[in-house]
Amino acid sequence: MSNPLAAGLPVHRRPDGCALVIFGASGDLTQRKLFPALYALAYRRLLPERFAVVGVARTEQTTKQFVSAMRAAVREHGRDPFKQDVWKSLADGIRYVSTDFANDPGEDRVARTLEELDEKRGTAGNRLHYLAVPPQAFETVVREIGERRAREGWTRVIVEKPFGSDLATACMLSELLHRWFDEREVFRIDHYLGKETVQNMLALRFANGIFEPIWNRQFIDHVQITVAESMGIEGRAGFYERAGAIRDVFQNHLLQLVALTAMEPPIDFTAHSVRNEKVKVLRALHTPAPRSVVRGQYGHGWVEGEEVRAYREEPGVDPRSETETFLAAKLYVDNWRWADTPFFVRAGKRLARRETSIAIQFQRAPHPPFADLAGDGLRPNVLLIHVQPDEGVSLAVGAKVPGAGMTIRTVHMDFLYGGAFRTGLPEAYERLILDAMLGDATLFTREDEVEEQWKLVDAMIAAWQRDRPSFPNYQAGTWGPIAADDLVHRDGRSWRRH
Amino acid sequence: MGVVAEIERQLARQRLRDGADAGDGTELRTSTMTHVVWAPPRWLQQARATFAQLEERHPARTLFLIPEPGRRARVEAEASLRDVKVDGLSREVFSEVVEIRLFGKAARHPASIVLPLLIPDLPAYCRWRGRPPWDASELDEILGVVDRLVVDSWEWAGLPRAYRRLEALFDRVAVSDIAFRRLLPWRLRLAESWPEIGKASRLNVVGPRADSLLLAGWLRSRLRRDVSLSREDTDFVQAVSVDGSPVEPPLGDAPGPGDLLSAELDVLGRDRVYEAAVRAAR
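Going down the list, the sequences are from chains A and B. With our numbering applied, the first sequence corresponds to residues 55 to 552, in that order. With our numbering applied, the second sequence corresponds to residues 16 to 297, in that order.
Treat the hints loosely; a few may be bogus.
Computed beta-carbon distance windows for the label pairs [unchecked claim]:
id: 1; chain 1: B; residue 1: Ala206; chain 2: A; residue 2: Arg197; range: 39 to 45 Å
id: 2; chain 1: A; residue 1: Arg407; chain 2: B; residue 2: Ala126; range: 56 to 62 Å
id: 3; chain 1: A; residue 1: Met467; chain 2: B; residue 2: Ala64; range: 48 to 54 Å
id: 4; chain 1: A; residue 1: Ala419; chain 2: B; residue 2: Ala269; range: 36 to 42 Å
Interface residues of chain B toward chain A, partial, derived using beta-carbon atoms under 10 Å [claimed, not checked]:
id: 5; residue: Ala177
id: 6; residue: Arg239
id: 7; residue: Asp241
id: 8; residue: Ser243
id: 9; residue: Glu247
id: 10; residue: Phe251
id: 11; residue: Leu283
Derived by calculation from the structure, the hints in this document are not laboratory data. All residues carry an ideal CB built from backbone N, CA and C; glycine is no exception.
Just chain A, same shape as in the assembly:
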């Protein structure tokens, strides 16, 4: 008999009791994102009652020191008021193990700690391993946790990006994971997919009858996707020099946004159906010709009132570096819905401001009788999805300016999340960690998606081997190189005015 007292109570998906094991627990991600997310889940009573966290990292420290550092991190980065009883419920189940991943005694200590937690906290052999480790440590950690997986309960592995550095390495990593884990046990995280606004893209398209009929080449002129950061590389020269904008943002976040924008309606919202539709889009993307791709690297400039150095002057960066910090491309999705409709995408660092947005620009009205009278030019309608900041949706429409005559101006109809719903959108990591505990992989990237993304990226990078870019080619604090404007102007279009 089901619980009659549960009727009408808020239905929170409550995971089974489990232990979350964070490898690389002394890193920035754990402090800035993972622990604040765990606290937010505890605050809302969304964590299982029988729950524990084991931090594993090279840094020598005791559990007490680790707990104290995480407490400070939650206070600094958490979105909720700090409550001692909530923190205590979480902190009681925290342990820390110092190991360099490669030695057996260290891994044995992790295993013993987990067994102790199974006994004391009732975590029942259920393990969620979070791999926040550098790529070079990946193989060792996967092997160690694979060989020591518990005989009882479930085991899942969350893998942080970057997932490989090209198709070959991504395939190797998948193969390595599959030696011990099924694909359904592997959760490749792309935190963009945990953002409310990215999920709202699906709600907007598939829960509203008005958009889907016009969501195609007949009505949409083109799509613009921007992932702009005003920050520089923030001390990550080692990683960024190898990755560049194409591996850091384009391969994952940007292509995922393209897939969500262009995908067909899934038959339901299960992981299988949603990811099937996304992968079809990724397969349909054709490799852009070299002239449809613009690379850039920032030079010295001013960002938000502060003078900033050029990329090549950043600590740890080769003074002759040819790593791109900006990328723009014209992509086509070769299928029935989108044939000949360009998707202009761009991503970069040290741009004028931080903004992630998807702009759907509709065809112009076929015969506007008042084109000559338009105040600021009769602009086409644009549906703008703000992913960050100011999460929400705007629709630009032409409206008559009050008064005599017929002057038309573009105005925005806005729906802002912060404006219409209560404040405090959940952080992406809250949703994603909870989903992984529940075994729901809908918002994680599947093996075949990652492979399709890398195929495209590898082909684009291959074309770069032959040319030597003239870097730097844009000033920090601007919207990127002039060539990126030309890319769009060649088609008689322009980037959105910011």
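Place chain B on chain A using the hints.
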């Protein structure tokens, strides 16, 4: 000029002024509902205080209806726009607040003011402060124009008799009760004791009368068995025990009045579980 036209004129004038102040028109007008607050003068301060905690969470057109019967019939209204700075948003959000004083006989006919001020296509909620006058025309009229009536039976005298009158409204309008919402953490706690709690026969609550009656009504209706209630009166629920065994108190602070009302404003349909609890409250 009629009072509704005057209210609209005041709002339009302020929108114009705020738009000019913002220069680039970066303020955002947004609404998710019409929120009617029936607040007799003795409740007005409390209603305003709760609203102040609420406005950034539920941008709405809020109509405070302040009945002052026994005077010459007339209506006075004052409309304002409230700018709310929302964390993480570069724009300010503004919502509309109208305080309408209904003097004399006008207090018995609020629908004539509320109806033209409802925002089309959005739900309308009424938070009725104090015990509703069950047979009065003002309640009847308000129920005719809103989708949901939100009460707090903690504010009422004459329990559990008053629940019988409330019951009679269930087929007419969706009703929710902040007293029942306040019990949510306790209900979650009790639900966690399933299946052991399935045979419960005695409930003891150290708490207010309304909360105790509703908690017992809820247990009876969900478990479909008789559960006797013993209680000690306090201002808020301090302890609950079932068949003599204390229930572990919920973690965290109790939600404030703004949180409680806010949660009710998120509910759209009928709450059958609450209705059954009221029917079983005795």
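Verification of the hints:
Separated by about 43 Å at the C-beta atoms, Ala206 of chain B and Arg197 of chain A satisfy the suggested range of 39 to 45 Å. For the pair Arg407 of chain A and Ala126 of chain B, the supplied restraint of 56 to 62 Å is violated, since their beta-carbon distance comes to about 49 Å. Under the hint 48 to 54 Å, the C-beta atoms of Met467 of chain A and Ala64 of chain B, about 33 Å apart, miss the expected range. Look at Ala419 of chain A against Ala269 of chain B: about 56 Å separates their beta carbons, and that is not inside 36 to 42 Å.
Of the supplied interface hints, the one on Ala177 of chain B is violated, with its beta-carbon coming no nearer than about 22 Å to a beta-carbon of chain A, more than 10 Å. The interface hint given for Arg239 of chain B is met, as the beta carbon of that residue sits about 7 Å from the closest beta carbon of chain A, less than 10 Å. Taken as an interface hint, Asp241 of chain B does not check out: its beta carbon lies about 15 Å from the nearest beta carbon of chain A, beyond 10 Å. Because the beta carbon of Ser243 of chain B sits about 18 Å from the nearest beta carbon in chain A, more than 10 Å, this interface hint is broken.
The interface hint given for Glu247 of chain B is violated, since its Cβ lies 23 Å from the closest Cβ of chain A, which is over the 10 Å cut-off. Because the closest C-beta pair between Phe251 of chain B and chain A is about 17 Å apart, greater than 10 Å, the hint is violated. Because the beta carbon of Leu283 of chain B sits about 14 Å from the nearest beta carbon in chain A, more than 10 Å, this interface hint is broken.
In the structure shown, a violation is registered for the earlier hints numbered 2, 3, 4, 5, 7, 8, 9, 10 and 11, in ascending order.
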